Amino acid sequence: MPEFRYHPVSKVGMKPGEIVHVGERKIDKIRIRVIDFDSTNFEEKELDSIDQCIEYKNKKTVSWINIDGLHNTGAIAKLGKDFKISPLVLEDIVNTQQSPKIEEFDNYIFIITKMIYFDDKSRDLIFEQFSFIFGENYVLTFQERVGDVFEPVRERIRTSNGRIRKRVADYLAYALIDVLVDNYFLVIDKLNAKVSEMEDDLMNDPTQKTLKQLYFVKRELLKLSRNVRPMREVAGYLHRVENPLIEERNKSFLRDLYDHTIDLNESVDMNRELVSGMIDTYISITGNKMNEIMKVLTIMASIFIPLTFIAGIYGMNFDNMPELHSKWGYFVALGVMAAVGISMVIYFWKKKWL
Amino acid sequence: MPEFRYHPVSKVGMKPGEIVHVGERKIDKIRIRVIDFDSTNFEEKELDSIDQCIEYKNKKTVSWINIDGLHNTGAIAKLGKDFKISPLVLEDIVNTQQSPKIEEFDNYIFIITKMIYFDDKSRDLIFEQFSFIFGENYVLTFQERVGDVFEPVRERIRTSNGRIRKRVADYLAYALIDVLVDNYFLVIDKLNAKVSEMEDDLMNDPTQKTLKQLYFVKRELLKLSRNVRPMREVAGYLHRVENPLIEERNKSFLRDLYDHTIDLNESVDMNRELVSGMIDTYISITGNKMNEIMKVLTIMASIFIPLTFIAGIYGMNFDNMPELHSKWGYFVALGVMAAVGISMVIYFWKKKWL
Amino acid sequence: MPEFRYHPVSKVGMKPGEIVHVGERKIDKIRIRVIDFDSTNFEEKELDSIDQCIEYKNKKTVSWINIDGLHNTGAIAKLGKDFKISPLVLEDIVNTQQSPKIEEFDNYIFIITKMIYFDDKSRDLIFEQFSFIFGENYVLTFQERVGDVFEPVRERIRTSNGRIRKRVADYLAYALIDVLVDNYFLVIDKLNAKVSEMEDDLMNDPTQKTLKQLYFVKRELLKLSRNVRPMREVAGYLHRVENPLIEERNKSFLRDLYDHTIDLNESVDMNRELVSGMIDTYISITGNKMNEIMKVLTIMASIFIPLTFIAGIYGMNFDNMPELHSKWGYFVALGVMAAVGISMVIYFWKKKWL
Amino acid sequence: MPEFRYHPVSKVGMKPGEIVHVGERKIDKIRIRVIDFDSTNFEEKELDSIDQCIEYKNKKTVSWINIDGLHNTGAIAKLGKDFKISPLVLEDIVNTQQSPKIEEFDNYIFIITKMIYFDDKSRDLIFEQFSFIFGENYVLTFQERVGDVFEPVRERIRTSNGRIRKRVADYLAYALIDVLVDNYFLVIDKLNAKVSEMEDDLMNDPTQKTLKQLYFVKRELLKLSRNVRPMREVAGYLHRVENPLIEERNKSFLRDLYDHTIDLNESVDMNRELVSGMIDTYISITGNKMNEIMKVLTIMASIFIPLTFIAGIYGMNFDNMPELHSKWGYFVALGVMAAVGISMVIYFWKKKWL
Amino acid sequence: MPEFRYHPVSKVGMKPGEIVHVGERKIDKIRIRVIDFDSTNFEEKELDSIDQCIEYKNKKTVSWINIDGLHNTGAIAKLGKDFKISPLVLEDIVNTQQSPKIEEFDNYIFIITKMIYFDDKSRDLIFEQFSFIFGENYVLTFQERVGDVFEPVRERIRTSNGRIRKRVADYLAYALIDVLVDNYFLVIDKLNAKVSEMEDDLMNDPTQKTLKQLYFVKRELLKLSRNVRPMREVAGYLHRVENPLIEERNKSFLRDLYDHTIDLNESVDMNRELVSGMIDTYISITGNKMNEIMKVLTIMASIFIPLTFIAGIYGMNFDNMPELHSKWGYFVALGVMAAVGISMVIYFWKKKWL
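Residue numbers (my numbering), protein chains in the order written: chain Z, 770 to 1123; chain C, 770 to 1123; chain D, 770 to 1123; chain L, 770 to 1123; chain X, 770 to 1123.
Be aware that one or more of the hints could be misleading.
Identical copies look the same in the list; a pair holds intra-copy or inter-copy alike.
The calculated lysine-lysine pairs, modelled on PhoX-like cross-linking and capped at a C-alpha distance of 20 Å, are [claimed, not checked]:
id	residue 1	residue 2
1	K1119	K959
2	K890	K847
3	K1120	K978
4	K1121	K1058
Since the hints were made in silico from the structure, they are not lab data.
All of these numbers come straight from a predicted model, not from anything done at the bench.
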């Protein structure tokens, strides 16, 4: 459960604004990719050094600089200095245990989000921090390792001649969050499928394994909820905020995004309620099963214990037991046993236990 | 549980405003019906092509254009272009996994609602998306398939000479939502009947089936709640909003509608609480049943096991067992057994287990 | 549970403002009673026809017109027309499945409340809708059948020379709601008594019947809560509203009324919490009982099963069983049995099961 | 549970403002004590008649008039008339089943509070209503019987030369509430001690008695919560209100009081959560105990039942049973039994039931 | 559980502003340490007497005076008088059972916080009160004993030439709270580790000990929650407040602090939900275990009880039992037993109990 360790132990007592990478080091070397475009131009390349980024700062075109890998804090500090980013922001970028949030600054907007993957093998959710900074004509993005969910956006920039090429950084930032949020739905879809499957298990043949799965899905939903709830705040803030960096004509897209985050949250909440209901039902079914088992035991024991007792009586070796010498004694005894047995059966049948 | 898949997997990474049908394709061909009226004129017909709709846009009369089927996104895009509808709205219309919502635009108001049916066979609720766009003198409605709950409204337009013929598009839109909401009460009535019935089952003879039904009704109520809660927001918004498209004289109807959605929500919440209470009670009853079963077992076993033991003693084959040769040994043994048995009965009777 | 059917099935698709009686028809003929008074005059009579009501509309004196029976929608429509009441209000009056609410109009205030009785026989709560309309000098009240809780108010009007005779319609309306709310306390007192009684049952000798009673009281409290919560809104609204129909000097009474509705709600909530706690306790007690039963069974079985086995060994008929022929074999066997039995007793005693 | 009967049955239908004593009559005769002081003067005496109170009304000194006993409604009405108190206030004073509240009037402020005692014998909480009215230079207090928690305040007035003697009625009122609230902490301390003790019981040897105690403490906490929550409103109101009767320089004391009531509420809530957690734990422990009992039973029965069966076989009296006549038959049978028994033991040991 | 006794019993009835030490006396003698610095100067020393503090009051440099030990109320009163601190504040400082809070005064800001330690031995949380008063150029801090978490801050002041030396008292106060809050994360990390460990126990081999641990962790989290929730209010207040004592340029640090307290609260809440879920799961697992035990018992008993009965029949000693004398009787009997036994096995196998 590394996601639960929100705060770096090693940071206690450090001075604020000190840029310390917190989290697993997931790749060896940071990688810097730039996509630079406007409605007519397009350029995509990989930079060798962080020093080259500065030239994109004041270009008229929209530049998307993506950094993979957060452990090289020196490079990030350099980038921050070049783009005049607050040290506190840089500190948050490299601390991968932040909750999603949005902060406005004079010349840029800073957003922390999470990419969420469903790891099919471990059946756990994996959270990777993805931070944005966008100014008037640049978007800086930071992720923990190579590989992300934004390939469709890149493809749209490369090939399209449409909106994404005509608008500026805020629209690009929106497009990125939009893909991110769409991706959350994929994760929820997988959890939904899992929940459906567990519901079938529950109704047909619930086992201890079902219970443990329910517990784990509940836990994953809790973690998911913790990460998607702040996304609603982020989207709502973007949709409401008055900031020259956000063009009025993009507001309807942001409202749409906001609606999606609301749907997302409701979907997570609904699944959580469903899973809770399933756990309760599981407990009830367990109780029912016990009842059934107990009934079988009770019936078997209650019928045969008295009969065995009767047999026991006539197995005694007393010299003087008149019944033993009666000609029909054995058959009378069998008859009594049958009568007792049948009475018990009728009794249980009347109790509706049979 | 297809209702739980809110978001189209296939849409991830698409550009916003792209009109992609999301959901099951429920009919073969879209069908376009128009009802066009004012206080003196009335016309009802079926259009062959989406291109004919445009002529109703600027007519002085009120035109209700109803589209059945959402898979023909080309036709809907055409209609949207003719009526100057935002692509984001069109995207929402054909994505059948939206939550109910309302959005104001410059020249029209857009509302997403759900038609809810109770499928008597599967005992599941079925949700069908129903979207409205209404401008000054037209109402565009979109549904997933032929067949809806609005026949009474059509009949009132056809035959009546009353309010519905004298007012404009906002009143028609109100009349449609009103019927929709009235219909929700029908669904809740059926669920109520089901809840009542389950309550009887619970009190008289609860079985595993009762539990599963409780679980399913709980789940349906959760889904229902998710769809009726936003309807209250929609009605509240309509009732409060200041928009030239909504005539002041219709406000009292909208308040009435709002009151109904409040009642609706309370009714759903109340049923949810009732069902939760019933599940708790079910668990308790299960516990009681177990107690009863255990008591029978305990009584039978506790009485006969010691007696069988006594019989076992005198069934032993030791050469030297003086009691066996006593003349009254057998009868004394029987007497001891009777005494032990009766003591046990008295003990249980004192414990109030009999 | 007829209280749960809030909305008339037969109304779906009707036009708004259509006056349709919804609910059971509880009396044969509507009955119209008038009390007309000011500080010096007093008149009380029964009217034959609804047409006679109009003459009280503009009288200087305060007129209280009470209608028993709601099925004669024609008469109510006539009255509404005479007093210029909105059709939507009339629709609400005859639909007996409304929640309590208050609505302000230009020349009158409309209030829906519920009279609540505790039916001693069925132990159910009975809800009867009671609606008020009050203008400057008239109060119209509507109830489902003859017989109400307002006799003390009538008596005060008849005999008193005090405040009720000196003030106008708003004070009369207040006096009526005040009695209504006082009456809720009576109902809650009865439920309290019931809850206390169940608490005793729970602590002394809880049975399955206790559980069912707990469930039913919980349900009644849920229904009660649903009806008293909106009463707080109604009283709060009356207390805060600025309306010429409500005299400033009556505000302190309305605040008092509001305080009472708050107490009422808290009292209902408290009882609900108590009952929930009792249900949890019931479940625990059930678990304890089971433990006790199991202990008895376990002790009996664990002691005697091994002893019976020993007896069984020496009941075998092998030719060569040396112990059988030993002189003291039998007594040694008895001794071993005693030793085993006593060990078991000590073991259970150490486990504190005895 | 007399505290649960909030409203006087006998009052239904009475006119508002009618002063009717509601509650138990706890003393025979009302008792009137006056403490009259300013920074230099001090007088303390007992009055014979309510008529003497009037002379303190306009005295420059601060007068604290305390009435013990509420049944003499005539006297209280007289006092109310002399001090120009609203009849609704007097009605609330003598109705001992009010919730704590505060009301501002033109020339005085009215506060209802509760004195809470922990009755060590019955282990129940006892609530006694304590009402204040304070004007510019008088404080009227009303309690149900002789004996209260304010002796330290009296002592401070008698002996001190400090703040309490130098300020006016609002400070005295504050001092009284402050003592009252301090006293609540005493009650909570006792409940805390009880909760701690129950926690020990729970962890060491929980019995049915523990459960019942948990239930009762939970109920007392519920009642306590119902009475301390409104105290926070009262203190918050006093702290925020702009009223000439409350001197600005006392505001910091009132904020302090408010902080205490917040702590108080949190403390009550925390205890309620703790007790709820303990009840859940109790249920789990019960389940564990059952498991342990069942294990013993299962082990004993599962080991000996098959063995007894084997013994039973060779106890049969068939003529032709070859094994019986084998020389080593008996010993082989004993060996088989031992083998079966040991296998069972190993099986249970592997299941970790031993 | 000394943390639960929030309020000093001994204080009831004392006058407000009276400075009484409440809590355990944790050290013998109070200790006064001063750190005095500005960007160029640095001095650190221990004072012998409280009287020496006054000289730091109006020094231009920033002075941090730290008092260890709260029992010497005289010294603290002296200090308060020198620095013109309100007696109510001093009262709060020495009462160690306050909740965290912040109060603004004319010339200083007062903050109560808690240092939280995880006692590895007792596995309990330990709360120590830590209060701040900061004016323009001094910070007074009060703690219960020697030893705290602020050594890193001291070290930064001693060695650094950075921000902490260049700014004034508000930044120092911020730095202290920041370290305090960082420290909370350490505590939560330890609880997280504990929760993870318990989750493993739960999934693999839950015992009664697991349950008790869950209960205790739940209780610690409740206590923690009670202390960290107000910290969010404190940080939020600091971040929003307009006060000349707080420099504008420090606002971004305070926002950062506020974000941390939000993360902290969410982390605590998440752990609480996790632990609650684990307790529910524990109960279910207990139920499952019982099922398994019952199954073994039922299977053993149900198979062998009927067989033993059959053996019992042919162990009877009736003279006339024809089967006994049949040549193959014994073998037929064995066959019947085998048939019955196998049928039972098949039955249980079909029920999936095997």
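Hints, verified against the model:
no., hint, result
1, K1119 / K959, "neither (48 Å within a copy, 34 Å between copies)"
2, K890 / K847, "neither (38 Å within a copy, 46 Å between copies)"
3, K1120 / K978, "between (34 Å within a copy, 18 Å between copies)"
4, K1121 / K1058, "both (16 Å within a copy, 11 Å between copies)"
Of the numbered hints listed earlier, those contradicted by the structure are 1, 2.
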